[in-house]
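Q: The lines below spell out each chain.
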Amino acid sequence: MMDILNALLAGFATAITPVNLLWALAGCALGTAVGVLPGIGPAVAVAMLLPITAKVDMTASMIFFAGIYYGAMYGGSTSSILLNTPGETGSMVTAMEGNKMARSGRAGAALATSAVGSFVAGTIATVVVTLFAPAVAEFAVRLGPPEYFMLMVLAFTTVSAVLGQSTLRGMAALFIGLALGCVGMDQISGAARYTGGRMELLDGIDIVLVAVGLFAVAEVLYAALYEGRVQESENAMGRVHMTRRDWRRSWPAWLRGTALGVPFGCIPAGGTEIPTFLSYATEKKLAKGDDLAEFGSQGAIEGVAGPEAANNATVTAALIPLLTLGIPTSNTTAVLLGAFQNYGINPGPQLFSSSAALVWALIASLYVGNVMLLVLNLPMVGMWVKLLKIPRPQLYAGILIFATVGAYGMRQSGFDLVLLYAIGILGVVMRRYDFPTAPVVVGMILGPLAEAQMRNAVAIGEGSWLVFVQRPMSLALLGVVLAVLVAPRVLRRLGQRRAAPATA
Amino acid sequence: MTDLSSSSAPPGAVPSPLWQAGVGAAVFLVAVGMAWGALGIPGNAGYGGVGPNFLPWVCAAVLGLCGVLLVREALTGGYRQAKDPGGAPRAAWGPFAWVSSGLLVNAALITELGFVLGCALCYALAVQGLRRAGGQAGTLAPRRLALDLAVGLIISAPVFWLFTQLLAISLPGLTQTGWL
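Top to bottom, those sequences are chains A and B.
Quick note, our numbering runs 4 ahead of the 1-based positions in the first sequence.
Quick note, our numbering runs 33 ahead of the 1-based positions in the second sequence.
A couple of the hints might just be wrong.
Short, incomplete list of chain B residues facing chain A, as computed with Cβ under 8 Å [said to hold, decoys possible]:
hint, residue
1, Pro48
2, Met67
3, Cys99
4, Ala121
5, Cys152
6, Cys155
7, Val184
8, Ile188
9, Ser189
The hints are simulated quantities; they were obtained by calculation from the structure and are not laboratory data.
The C-beta atom is built at its ideal place from N, Cα and C for all residues, glycine as well.
In isolation and in its complexed conformation, chain A is listed as follows:
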């Protein structure tokens, strides 16, 4: 316990030097500004700003990232509430009630409760990260390749099979991601795969390029193809202050949302969809009388406060599997993992011993970032809202410029821009045909890691696949994977059987 405190204090000492505070501020501001843009979520915001850090000192850039990460989430909820354009699934629920509140003239209160709720949830979740990440890392050191491989398979199955509308389309998306991850030089044997003789492809396809193409470029192309005539209504801000009744209704919702979000973030099978929807359902169930009547009509403040807190708690706690196991559980953490890899760091259990100073500075900067965002956002909401006044054609065309920087800045090759366009088209098709995009990104970034673990595991088993069932931990994880795949089906079947006599 004392070790943790000491390490954290050392982290703070690094994080609150003036230069690093400036980086945190810049990250928060930039992240919020990009996150506010309609249709752009945290993942795209982080991806588009990645190359900025290429020449910056590592600790400073991690602090900068933490700011962007949090800032983009704050910004995302702003545009969800005001414009009903959630940039990530996590803020979809926020948009449901938040946008209704905005339409009935209470946008200010909705923005305030989501800002304070994010702060509360983010801070509590950061405390959890501080306390538990070292323990998880200590435990994770004992995991061997077979266990790692199973953990990654677990992440694959939940991301693709459980979270989307259809297991089939999720699987197709996941394997497209895995296939993209195959391109380039095989890390173990050095054999070239799917390069078609092009030098550019030997290094593989950059994750930033895929993220920017799949999210940002696809968004612009989709707008040009299908959304020309869509009219957006902008909502009046109203007062930013929350009334006493708003506070009384928000507090418990924040805490409940946090309690729901943290455990979902911790398990390496995350995604913000489940906790945010659970939190929404809980708040709706607990509401009574007038409060309940506001759900779906004028917009209920609990329906913003709870899911927004759950969202932030989940994504913050998701840093535990990311930092200790190297397993990203969302688009945004997948892009963050890409950032670590660009610096030649592989997050994992060794990170806490080999780069302790860096990790603790990062964790300390999460605290700093949270406070900074609250200070930055409550008074500046009005300014961010002005960003929403940019007309769509100019805004989207501008996004293309930033996408170009994001993709081109990494490797300086015109070929990458053609690839960016192709991946943008893939994104449009996936959106139109309702394929989830998260499995592509997670598959692409985890695929090569999982493959390496698998091959090492089989090598440990001297060529025998039985190694996965002979070790108790790996066998248990295999059981969890199967349960995750089978349980929803069984439950649905049971639910139908119970519902069938009722309707007949």
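With chain A's structure known, arrange chain B on it following the hints.
A: Chain B alone, transformed into the frame defined by chain A:
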């Protein structure tokens, strides 16, 4: 999510089953392509039992299966639980072509024109397409074109300076000065 689409009628912008079958077939073709490519990857496994061509074969097999199943879903009533992607039911190919040309022209010319001019051109072409998508008239008026190009320059130039001057990341320039 159920609150948003409670009606049981097929949503407006969900593509027709025929197109869905096409996408399924495309997935299958990708799988065939992967299998063909996997033939050329050496399979020597070394100490382990698994070589570099193992994952490609798995991907090809699973994607092939997914493709077949997608085609089957499409032909037996359409994709299951497909949610409305939003937007118009028909594609506007004109605007799409403008935006595409912006991206591709930039990709082709960025090393010659430099980042600033290439991106400004990309911006102008993309704005052209997006304005047309929105049904705006007179998008080719010279004044407006000049204005679009100017705005493109105003956005891309500071980005370029930020990267080349402040962060010392080399982006291509028309000149070697680092300012254009």
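Q: Hint by hint, say whether it matches the structure.
A: Quick rundown of the hints versus the structure:
1. Pro48: 6 Å, holds
2. Met67: Interface hint status for Met67 of chain B: holds (6 Å vs cutoff 8 Å).
3. Cys99: 4 Å, holds
4. Ala121: With a closest approach of 5 Å, the Ala121 of chain B hint holds.
5. Cys152: 5 Å, holds
6. Cys155: 6 Å, holds
7. Val184: 7 Å, holds
8. Ile188: 5 Å, holds
9. Ser189: 5 Å, holds
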